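Protein chains: 2
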Amino acid sequence: MGATEEAQHETAAMHMVREIPVARADTTVDTVMASLRGRKFECADTVFVTDDDGRLEGIVRINDLFADSAYLIGDIMEEVHEAVRPDDDQEDIAVLAMELDMIAVPVVDDDGRLLGAVPPEALLRILRAEHMEDLQRLAGINPARPGSEVGIDAPLGNRIRRRLPWLVFGLFASSLITIVMAGFEHSLSANVAVAFFVPAIVYIAGAIGTQAVSVAVRGLLDDDVRIGKLLRGELVVGAGIGAVLGLIAAMLVMASFGDHRLAAAVGLAVLGGGVVSAVVGFGLPWAFTRFGADPALGSGPVCTIIQDVSSLLIYFTFVTLLL
Amino acid sequence: MGATEEAQHETAAMHMVREIPVARADTTVDTVMASLRGRKFECADTVFVTDDDGRLEGIVRINDLFADSAYLIGDIMEEVHEAVRPDDDQEDIAVLAMELDMIAVPVVDDDGRLLGAVPPEALLRILRAEHMEDLQRLAGINPARPGSEVGIDAPLGNRIRRRLPWLVFGLFASSLITIVMAGFEHSLSANVAVAFFVPAIVYIAGAIGTQAVSVAVRGLLDDDVRIGKLLRGELVVGAGIGAVLGLIAAMLVMASFGDHRLAAAVGLAVLGGGVVSAVVGFGLPWAFTRFGADPALGSGPVCTIIQDVSSLLIYFTFVTLLL
Chain E
1 MGATEEAQHE TAAMHMVREI PVARADTTVD TVMASLRGRK FECADTVFVT DDDGRLEGIV
61 RINDLFADSA YLIGDIMEEV HEAVRPDDDQ EDIAVLAMEL DMIAVPVVDD DGRLLGAVPP
121 EALLRILRAE HMEDLQRLAG INPARPGSEV GIDAPLGNRI RRRLPWLVFG LFASSLITIV
181 MAGFEHSLSA NVAVAFFVPA IVYIAGAIGT QAVSVAVRGL LDDDVRIGKL LRGELVVGAG
241 IGAVLGLIAA MLVMASFGDH RLAAAVGLAV LGGGVVSAVV GFGLPWAFTR FGADPALGSG
301 PVCTIIQDVS SLLIYFTFVT LLL
Chain C
1 MGATEEAQHE TAAMHMVREI PVARADTTVD TVMASLRGRK FECADTVFVT DDDGRLEGIV
61 RINDLFADSA YLIGDIMEEV HEAVRPDDDQ EDIAVLAMEL DMIAVPVVDD DGRLLGAVPP
121 EALLRILRAE HMEDLQRLAG INPARPGSEV GIDAPLGNRI RRRLPWLVFG LFASSLITIV
181 MAGFEHSLSA NVAVAFFVPA IVYIAGAIGT QAVSVAVRGL LDDDVRIGKL LRGELVVGAG
241 IGAVLGLIAA MLVMASFGDH RLAAAVGLAV LGGGVVSAVV GFGLPWAFTR FGADPALGSG
301 PVCTIIQDVS SLLIYFTFVT LLL
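Those sequence lines, one after another, are chains E and C.
The letter at position 71 of the first sequence is residue 71 when you use UniProt numbering, and the numbering goes up by one with no holes.
The letter at position 293 of the second sequence is residue 293 when you use UniProt numbering, and the numbering goes up by one with no holes.
What the hints contain is simulated information worked out from the structure, not anything from laboratory work.
For clarity, every value in this text was computed on a predicted model and none was experimentally measured.
Worth double-checking, as some hints may not be accurate.
Any copy will do: because identical chains look the same in the list, a pair fits if it lies in one copy or spans two.
Below, a list of computed lysine to aspartate or glutamate pairs in the EDC-like style, where the Cα atoms sit at most 16 Å apart [claimed, not checked]:
| # | residue 1 | residue 2 |
| --- | --- | --- |
| 1 | 40 | 68 |
| 2 | 40 | 19 |
| 3 | 40 | 64 |
| 4 | 40 | 10 |
| 5 | 40 | 52 |
| 6 | 40 | 109 |
Sequences and hints are given; from them, build the entire structure.
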């Protein structure tokens with residue numbers, strides 16, 4: 001999805017302003033303050049400190065500039081060498097701002113020379129846009145093009161077009177579920193009560209999976225990815241949740257149908273669904289990230305299909321074994 | 001959920017800093033600039049302008065303060081009378097910041113007197129936290145208490161406890177789906193192929209509904225709620241999507257099973273699911289908002305149950321009528 005992604009996402013260059021205060025480390029704060037007066041900056045919240053070649057050395061928040069007029073800029077600056085490039089995606093800007101607790105993010109060229117900064121106003125807009133986009137992508141809604149309206153104010157035709165692709169994909173993928181069902185025609189014919197629990201099992205597997213995906217999608221972007229450790233943790237969570245829900249489900253089936261083998265099959269299918277959801281709900285967003293795509297993109301619809309098919313296979317396996 | 005909500009959410013007072021630059025409208029910019037020097041502000045990005053009683057009259061961005069040293073503060077200030085109260089929820093702060101394009105949000109007491117401001121660093125953190133929370137709430141994960149770790153770094157027991165409540169609710173609610181299935185035992189026994197399409201129909205209804213919810217949840221917070229107009233728009237979108245998917249589904253069933261009555265029942269169930277998802281996916285988050293709860297809270301799990309039950313009822317109604 002690389003190329004399409006880039007075309008639809010805003011870059012650092014599109015958010016960057018060029019009129020920003022720049023100073024050398026060996027200048028006094030008083031001199032810098034005097035030089036700021038009478039100039040129209042687009043982002044004066046942070047003074048960017050560069051060396052003689054224009055390479056970024058650090059930043060001074062305006063708060064500190066006012067407070068410490070007796071010193072050299074170099075004495076009060078916070079060393080910052082990380083910055084974004086003009087063609088970096090807006091998501092990278094937001095991640096860097098949060099990591100380094102900056103309210104204005106420097107933009108540098110390939111040689112590390114300061115070009116401009118992404119101001120706090122833009123950071124707020126970016127975080128808001130990423131928020132909207134994540135919600136929509138997780139639900140399988142394609143992102144809007146930059147500048148076009150998103151959400152409930154977009155034209156109806158546009159909204160239908162952005163939602164249909166993943167649904168059509170899902171519809172074809174759901175044929176798999178139907179094939180699984182048809183494959184166990186014999187079990188269904190032999191005991192029609194087996195069919196009663198199919199939608200509830202699929203519902204619970206989907207609900208557990210949605211939770212795993214929603215935790216994974218943001219977690220994978222925020223931290224360095226330690227997939228092994230995370231996956232083991234999520235497996236314990238999935239198994240724990242699956243065990244509790246499976247036990248309740250088995251008791252409900254036992255109480256209303258009085259069939260302990262059917263109850264066991266339903267309970268084990270719910271437990272199995274919890275474990276599978278852990279692997280799929282965590283593994284799939286991680287795989288999307290590895291291939292350079294936004295982990296939220298299509299994770300919801302794709303995960304649900306895999307979880308539905310898996311929990312039905314588990315259910316019918318136990319039905320075949322136990323009944 | 002009101003009281004619980006407040007207890008688990010941070011307030012404006014918790015994000016507020018008190019050391020901010022304040023000026024009167026009839027002061028010159030030069031005087032204000034001189035008064036800022038040598039003081040340690042916690043948020044000097046914006047000068048807040050108040051009247052003699054300390055009531056907020058407007059704001060001046062630091063950018064404008066540097067540029068326009070020849071004028072009175074009142075000449076260059078942007079009039080702002082909207083502010084948050086100390087006990088307002090952090091979500092309200094973010095909404096006001098976005099609406100008024102402010103990077104520091106004033107906090108006032110009941111008489112409108114300026115108490116402090118929420119600085120840009122806090123706004124970025126709030127937007128990020130709301131983002132995480134929305135993703136989790138939509139998936140039916142309860143919010144973490146303030147200060148405790150969220151997401152993939154939280155202790156495993158904590159993660160299981162925050163996820164279980166909505167899943168247990170969903171498990172009991174899914175009994176409804178099982179009751180619907182059991183109610184149509186006769187249709188299922190008469191033609192077991194009817195059961196084959198149940199999970200796929202439930203999947204598609206859920207997928208359409210998830211999209212409607214994800215669009216509604218943010219849209220309802222962003223804009224003044226014009227629910228009638230929005231609902232009509234979403235109905236058109238739902239019916240359009242349902243018609244396209246229903247047609248494809250009917251053709252797939254026709255091609256693989258050669259039963260035009262079954263094909264019609266499946267297609268009409270998908271179409272009906274699209275329309276129901278429009279009403280439920282939009283109406284439920286709106287109802288949550290009306291009752292003062294976060295629209296993302298539990299919308300996902302609850303909507304899915306309603307959509308599953310509705311589309312199965314539609315499906316079996318057509319099965320009964322057509323087959």
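So, going through the hints one by one against the coordinates:
no. : hint     : result
1   : 40 - 68  : between (23 Å within a copy, 8 Å between copies)
2   : 40 - 19  : within (8 Å within a copy, 25 Å between copies)
3   : 40 - 64  : between (20 Å within a copy, 7 Å between copies)
4   : 40 - 10  : neither (26 Å within a copy, 36 Å between copies)
5   : 40 - 52  : neither (23 Å within a copy, 30 Å between copies)
6   : 40 - 109 : neither (24 Å within a copy, 34 Å between copies)
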